[in-house]
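There are 2 protein chains.
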Amino acid sequence: MMQKVYLSNYELDEAIKMYFEKLGEFNPQTEKIRTWDANGRVTASAVFAAISSPHYNSSAMDGIAAKSERTASASDRNHVILTEGEDYVVVDTGDPIPREFDCVIMIEDLIKAGENKFEIYQSAVPWQNIRPLGEDIVENQLIVPSRHKIRPVDIGALIAGGINEVEVFKRPRVGIIPTGTEIVEPGTELKVGDIIDFNSRTFSAQVSDWGSIPTRYPIVKDDYGKIKAAVQKAIEENDIVLINAGSSAGREDFTSYVIGELGNLIIHGVAIKPGKPVMMGVINNKPIIGIPGYPVSAYFVMEEIARKLVLAYQGLEAEEPAKVKAFITRRCMSSLKYLEFVRVKLGYVAGRYIATPLTRGAGATMSLVNADGVLEIDQSIEGIEAGTEVEIKLLTPEEKIKNTLISIGSHDPIIDIAADLIHGRNRKFFLSSANVGSTGGLMALKTGETHMAPTHLLDMESGEYNLSYLKKYLPGKSICLVKCVNRIQGFMVKKGNPKNITKFEDLTREDVKFVNRQRGSGTRLLLDYNLNKLKIETGKINGYYREEFTHLAVAAAVESGDADAGLGVYSAAAMMGLDFIPVCNEEYDLAIPEEYMETEIVKEFIETIKSQEFKNKLDELGGYDYTNTGRTIYQRS
Amino acid sequence: MMQKVYLSNYELDEAIKMYFEKLGEFNPQTEKIRTWDANGRVTASAVFAAISSPHYNSSAMDGIAAKSERTASASDRNHVILTEGEDYVVVDTGDPIPREFDCVIMIEDLIKAGENKFEIYQSAVPWQNIRPLGEDIVENQLIVPSRHKIRPVDIGALIAGGINEVEVFKRPRVGIIPTGTEIVEPGTELKVGDIIDFNSRTFSAQVSDWGSIPTRYPIVKDDYGKIKAAVQKAIEENDIVLINAGSSAGREDFTSYVIGELGNLIIHGVAIKPGKPVMMGVINNKPIIGIPGYPVSAYFVMEEIARKLVLAYQGLEAEEPAKVKAFITRRCMSSLKYLEFVRVKLGYVAGRYIATPLTRGAGATMSLVNADGVLEIDQSIEGIEAGTEVEIKLLTPEEKIKNTLISIGSHDPIIDIAADLIHGRNRKFFLSSANVGSTGGLMALKTGETHMAPTHLLDMESGEYNLSYLKKYLPGKSICLVKCVNRIQGFMVKKGNPKNITKFEDLTREDVKFVNRQRGSGTRLLLDYNLNKLKIETGKINGYYREEFTHLAVAAAVESGDADAGLGVYSAAAMMGLDFIPVCNEEYDLAIPEEYMETEIVKEFIETIKSQEFKNKLDELGGYDYTNTGRTIYQRS
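Residue numbers (the numbering used here), protein chains in the order written: chain A, 1 to 637; chain B, 1 to 637.
It is worth saying that the hints were derived from the structure and are not from the lab. Incorrect hints may have been included.
Simulated restraints, written as ranges between beta carbons of each label pair [unchecked claim]:
| id | chain 1 | residue 1 | chain 2 | residue 2 | range |
| --- | --- | --- | --- | --- | --- |
| 1 | B | Q29 | A | E317 | 38 to 46 Å |
| 2 | B | E165 | A | P218 | 14 to 22 Å |
| 3 | A | K603 | B | Q122 | 34 to 42 Å |
| 4 | B | A229 | A | E115 | 32 to 40 Å |
| 5 | B | S45 | A | P218 | 43 to 51 Å |
Simulated coverage check for chain B against chain A, where a stretch passes if three residues somewhere in it have a Cβ under 8 Å from a Cβ of chain A [unchecked claim]:
| id | region |
| --- | --- |
| 6 | 175 to 189 |
| 7 | 460 to 471 |
| 8 | 524 to 535 |
None of the values given here were measured: they were computed from a predicted structure. Note that the Cβ used here is the ideal one computed from N, Cα and C, for glycine as well.
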């Protein structure tokens, strides 16, 4: 029953061309709908006006319709008197011009000369102030061409041209089948191993954005017979079927075998990353696409392949996205085996676009949320060096990127809060943050990738915060240090502190599992400073090498029972319902180059963190001291 | 009862600010909806993850979950044997990692060593190939901020983060009331003086594009009581009301008085053109906008004012549209009384954008269909000289403009046909034409505003077509002349030729009304050539000074009975059901600078007019000879 199918490695364009050629027989279907229901629909044929607009000669002014020859002798010195009915009729704007008259004289140029009479003091030329029949639209004139996406203004012109029904391409029905034994509906009580189905919901929203009508089917377990039945049903009920295949080899096979049995699997595997295991098949002349399970792989297969198909069914081609030139901040290696799509965060700093590659994991849904653009690394290229200027396909409008304050550096949940508040205060501004630790932030300032760097770096010798690091990492740069908050760092432990962890020495106990922050972060430095002072060997701490990138991630590891303790801020512990054993106070400040201090966006940001609203949020979170928040505490020129 | 309202002349920004301040109390309402129904909706508050994703430590590979300490001594020379259950369990990608294991070794690095045993030859480090809990999303992490328009990828991340319901701004309900005694529904048998209502349909499509729910009410006659009743009902049933006031003074008053009586008319008149007579009022704390009747005025009031309001109800601000720099082809005068919006057609010719102002009449719905952008002339500026570089707000994507072939010159209905066909052949290409007559086209070639100029200019001395004009108007330019068609020109007369018009002499008859083409057009030249040859005085022709810009417009004037005869091509007469008396054959050719002949778009155009499909269309229209169509008949270097 099962035919063996080999994974191919076609280039993307070649694969799409092959597939579309196989699908060649599919004819986009059309339907006639009322013009006023046609917004966003695509014309199947050119539309020509059925009537002229205006459909009669009409007055362009309030005044009188007159005979121009009767006015020929009128001048300042020789007023001419016109008589109603005989020489003129009164007309308002839009009124029809009776056949016997050939011009309109506007009310401002008339002198009342008794009942039913006007005096005029200048001659009128034929057709003056008349909107002739067809001035706007002439019968038989082209209004919109075929394959044109109808806009509101087109609806107006079509109706004005007497077109009350238009022939448009049908919106294809797209069936979406989620599969996988481990896949559960959102809202299900989660067991370990369960994966919530969200891909099918993203697909539904995508295809509906592309103009088609999605139907999402129930989740199908990994069972050949059930998958086959689901595919048969979806093929019957739709024009296009998308099946969200699992990501492991075994599960993919089910899908590919089902497509092969019911129809024809044309392509299995395309040289793109992520997205390689895509399947493209045909059943009963209808396309079926097997979308990989990982969300990021799924995204690129949807955008690069499914989208073109859904649009083609409506007579449309995908428009080229807008692009910008940007400098890439990190080296990007890539395989010669694939065309690679790298999600990037874009910043507009000091007059140039800066692109920072986001995590390349195929499971990272947040990287899709955070991406502002996509860098395509061609199959023929092995990698791109940091600092290279590259072309980025935009996902976020340029205008928004240019109004986004970039914050790269140490993580604290209050940066998210500030991001939300600044946009609430002034809708044009946004804040985008990346958590790379305090030293990473200072390096990003040095290379001009960020507007500001949140930092809490403890000088091991002086015990002073931040200043010595600015001098060390950014010599010769004019940097201001703006007070953000003083905050409490401490041990985050399970509710009730079951392992009774109260001091650094406890971390070396056999029964204690620790979870650490990444190198370069201020919190890691704080740990190392204390371990060093207490002469505790790092190797003695179980979990010292397990690194997380945010306070929240550390708290989550403790909350889940994976670890017994981590070092972090009070607010993160409180959010996760953990107990907190204070270790010290520290200064969490913002390093901002002097040149940005007077920009509108930085000033708005400083106003934001000075605001009562922000302080209220800090009080809600707890563990923050905002006495000097927003004050410039150091300025070096 | 009626309070007198004066027309004000506030600046646009000032008026909007004033109005929004008065509306200050309106609170955008919110609602909770299911996340998977939230595409395109706007978050009312920041959304933080409810659960981590993955919500357990999971395998990133197919392989075995093992204890890293058991692998420490493994090397190429010292294989270590692991036993199932004790040292490892088999895991697939996505499977949970049991608490006692801390790393995953992938299947490629395992050597089968009998039942339930694997040999390994390298050590594993803790957390290798494990996707830790929260790797993608950590509980309490910000997923999307407030006032964020939810995209398909956001839906995925929200569901992954355990958010199955989101609080979003309600889509405002917008009531739309068309008014006017002369206004009739589309499809009504038209009487002279009737105006089809299409504005309300355009408004509905616009507000729905902006995310709100339109309700269009029946047309209300110009009757104070009826307008008042309609407004009361609409205010009750909606969040925002748009009333399409008539354009004449009397009718506006009804609307303004009704608003004044039921609530508060805050602004009546804004210093914009078109759009000046806009009204902004409040009734029961709900905004009501009186939109002027002329479609173009209505369009700018909708875009510049109503749009901001509809978006504000959803917590959004209007995004700045994309802009390009372009050279303006014609002088644009403007009043110091207004901020003026000028619709322009954009072309991309020889590496620069060229903006040609479209007709400025407020009734020109086709100018909205044809516009690619808008030039704003500031109130402080009296005009802009031809050739000035200006900033244009884009209505058409840049990509489309760059792929549009510009044709400026003589009109023939077949240019519309070719426009439709070239886009059908290759979806990326478009053709845009402007009818300015043959000589206008040659001037546009000279100034670099067009890629080609259709032309049919008869040399009065030699009787030869086009060539002498190329030499005269474009000396020193390398121009190719491509044969388009030979076509028949003649008199267009009413069916049955009731006035028996057969020769130029007949045009001077007292009982004959003529309709002419504009100066500079080839057809006008043809007329003048013949009149001159026959020594007929133009002053003797009744209607010689009535000018239309296209063959179709001339045909429409004859068809309506406004004129008895016009000169034009056979196809236009046939389309309008007119009789046609041939006068001569003429050569309708395309002048194309040599530099464009090898561009992809010009080559595609020439293939289009050579195609059988095009010839079939010409046969349908009749009156065209396409023997040499597409052949270069003259090339001068």
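Check: Counting residues of the region 175 to 189 of chain B with a beta carbon closer than 8 Å to any beta carbon of chain A, are there 3 or more?
Finding: Answer holds; 3 residues pass the 8 Å Cβ test.
Margin query: Can you tell me if the region 460 to 471 of chain B counts as covered by chain A, using C-beta to C-beta distances under 8 Å and a minimum of three residues?
Written below: violated (count 0)
Next item on the list: Using the Cβ atoms, figure out if A229 of chain B sits within 32 to 40 Å of E115 of chain A.
Entry: The hinted range 32 to 40 Å holds for A229 of chain B and E115 of chain A, with Cβ atoms some 37 Å apart.
Item checked: Consistency of beta-carbon spacing, P218 of chain A to S45 of chain B, with hint 43 to 51 Å -> Hint violated: Cβ distance 32 Å, outside 43 to 51 Å.
Next item on the list: State, for the Cβ atoms of Q29 of chain B and E317 of chain A, whether the hinted interval 38 to 46 Å holds or is violated.
Entry: 39 Å, holds
Margin query: Assuming the hint says 14 to 22 Å, is it satisfied by the Cβ distance from E165 of chain B to P218 of chain A or not?
Written below: 21 Å, holds
Notebook entry, point to check: Do at least three Cβ atoms from the region 524 to 535 of chain B come closer than 8 Å to Cβ atoms of chain A?
Noted result: violated (count 0)
Check: Could one say that the CB atoms of K603 of chain A and Q122 of chain B fall in the range 34 to 42 Å?
Finding: 55 Å, violated
The structure does not agree with the numbered hints 3, 5, 7 and 8 stated previously, though it agrees with the rest.
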